[in-house]
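Engineer: Okay, here's what each chain looks like letter by letter:
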Amino acid sequence: MIYWQLVAVFAVLSVLGFGGGNAIVPQMYADVVTHHHWITSVEFSRFYGLSRLAPGPAMTVSALIGYTVAGFSGAVVAAVAMFLPAAMFVYALAHVWDRFHDHPGRKIFARAMIPIVLGLSWVGAVVLGRGALDGPATIAIALIAAGVMLRTKINTALVVAVAGVAGIFLFHGT
Amino acid sequence: MMRREFVTRRGWLTEREFLDIYAIAQVSPGAIPVTLAVLIGRRLAGTAGFWVCLIAETVPGFLVLMLIAVLSMDPHMSMLRSALKGCAAAAVGMMLGNALELTWPYRTKAVDLVIMVAVGVAVLVLHASLAVMFLIFIPASIFAQRLVKSK
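Protein chains in written order, with this note's numbering: chain A, 1 to 174; chain B, 175 to 325.
Extracted from the complex, chain B is given alone in its bound form (with noise of 0.2 Å):
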């Protein structure tokens, strides 16, 4: 959606340098609409450009959680809680449905699939913290990604 905007319908951006900037948000920490919004504004505007985006980019939400948040922690609103207690659920789905979706080209990759146990593993049996996980099974993953294809 942002490729056609930025790319096809205002010409600000020239699809190599789309592809650019998803590739660095590709390895980048941080949500994929912030990144992308950040690297554009920095394209086109440098360092304020950087800054108009951040801002624009999580303000609005930001102002419209908070308006939600505090009417549901109000006692009368109890209407809203249950409909949060909706949300929650669909929320979970749709986390399932979305690791289903990406998780679903590599069925038939052993080595993803063996990764993706190990992490879940690590993570919900033996509580190994992200900083920790990503310290072993990025080695660890390049490794394997080399072995099957030196094969």
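In isolation and in its complexed conformation, chain A is listed as follows (with noise of 0.2 Å):
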């Protein structure tokens, strides 16, 4: 049933999510693009974009991608199997922390998270420019974007809605 392939997908990415969100997103691609066929690859690069509006990127992008496979219960579950599993975790491991609190471990797992977690990002954005990014007006947006993330505070959500708006300026009726 279509509804437990939504959670097999992304109850598996929830707890796989370490680093915040972006480092599953190759693996969300290869799911719901490459070997499910739910949406296109310029509908996973949007939907993306349009995640970026809310908090929690590359999360609340399951529920747009439940929604065009099954609907409104479709986006419920998927949100559901994409937050729940991880808080569970969280809850779990909140309990035991004291225990591991001054634990060596601790440290050592976060630091080799870091290259992992980064070289996933990269790809990330690479599976997101192959649907976005389709002449020089887009290119260019995408490196505007990229400046202002680096040199500014901006919040992101207002970069992502002033893209937006650029995109009915430069796309609208071409």
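Hints were generated in silico from the structure; no laboratory data involved. Ideal Cβ positions, reconstructed from N, Cα and C, are used throughout, including at glycine. Among the clues, some could well be false.
[Unchecked claim] Beta-carbon label-pair distances, calculated as ranges: (1) Lys153/A x Thr282/B: 22 to 30 Å; (2) Ala8/A x Ser252/B: 28 to 36 Å; (3) Tyr3/A x Arg183/B: 40 to 48 Å; (4) Thr282/B x Lys107/A: 15 to 23 Å; (5) Ser252/B x Gly71/A: 34 to 42 Å; (6) Arg320/B x Lys153/A: 17 to 25 Å; (7) Tyr280/B x Ile2/A: 19 to 27 Å.
[Claimed, not checked] With a straight-line cut-off of 25 Å between C-alpha atoms, the simulated SDA-like cross-links for lysine to any residue are: (8) Lys107/A x Val322/B; (9) Lys153/A x Ala284/B; (10) Lys107/A x Val117/A; (11) Lys283/B x Ile114/A; (12) Lys107/A x Lys323/B; (13) Lys153/A x Val295/B; (14) Lys107/A x Leu16/A; (15) Lys153/A x Gln200/B; (16) Lys323/B x Tyr280/B; (17) Lys323/B x Leu276/B; (18) Lys107/A x Val96/A; (19) Lys153/A x Val322/B; (20) Lys107/A x Leu298/B; (21) Lys107/A x Arg177/B; (22) Lys107/A x Met251/B; (23) Lys323/B x Ile114/A; (24) Lys323/B x Phe100/A; (25) Lys323/B x Pro104/A; (26) Lys283/B x Val117/A; (27) Lys283/B x Leu298/B; (28) Lys107/A x Pro313/B; (29) Lys283/B x Gln200/B; (30) Lys107/A x Ile198/B.
[Unchecked claim] Per the computed footprint, the stretches of chain B lying under chain A, defined by three or more beta-carbons under 8 Å from a beta-carbon of chain A, are: (31) 251-259; (32) 290-296.
From these two lone chains plus the hints, build me the complex, please.
Structural biologist: Okay, structure coming up:
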């Protein structure tokens, strides 16, 4: 059943979502575009862009995918599957945290994850770029957004919103 | 921003409690803001606080997204789809900017750069799954960090 497939995909991504969410973008793409063909690569990039308007990037995108696949109930199922397992993990970890608090393994693990999560973030940008960049105008928007991100502390949702308005002027009617 | 709200302004948590919660979030799966929210909720009001914060942190964004999604799938809303094209391009740029910013401090650390490239090759060329990636690269990365330290 489609709901179980949604749960299977997003619950696994949920518990593997170390490093804040960007790291799971490549695997999510492989699952929902390459394997299940639920959405196209262009839709994947647009959903991701849309999800940046809300908190928890790469996470809320699950709701949009669920919606496309199975309507509103699909969106709810996908969102719960994306958020709940990770939250339960965190809850359980917080319970036993006092024992790990001064454990040297904690710092070693966190340090070891850094290059892995960063590598996955770069791959995520490549994967998203495939569906989102189709010409000079989109590449220019991406470069400007990257520059704004690096040079200022402007709210990311605002940058995406401005790019959306720019999109209307640039692409509407073409 | 969350630290300012909970520690400085409201005084609900001590600095140490917040740092502790942040340390848990760093080694946990899930979006950092959501993880912080549920942990703060749990610290302040137990299991009930955990659930309240999970819902409060996820549901409003979910509803806003649903609204936009429903509108953008309407065939008459081609304007909104043009807007989404702009949003998608900006999201790519921000992901690149984010990756660059976070990678910058490690630009002279050969071990980290090698692991990053290896991760890229494994996913893009070999299509390794995320679970396999973690199984191989976490031990490899821990081993590599030890090696560098012991020198």
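Engineer: So which of those numbered hints doesn't the model satisfy?
Structural biologist: Violated hints: 5, 6, 7, 9, 13, 19, 20, 22; rest satisfied.
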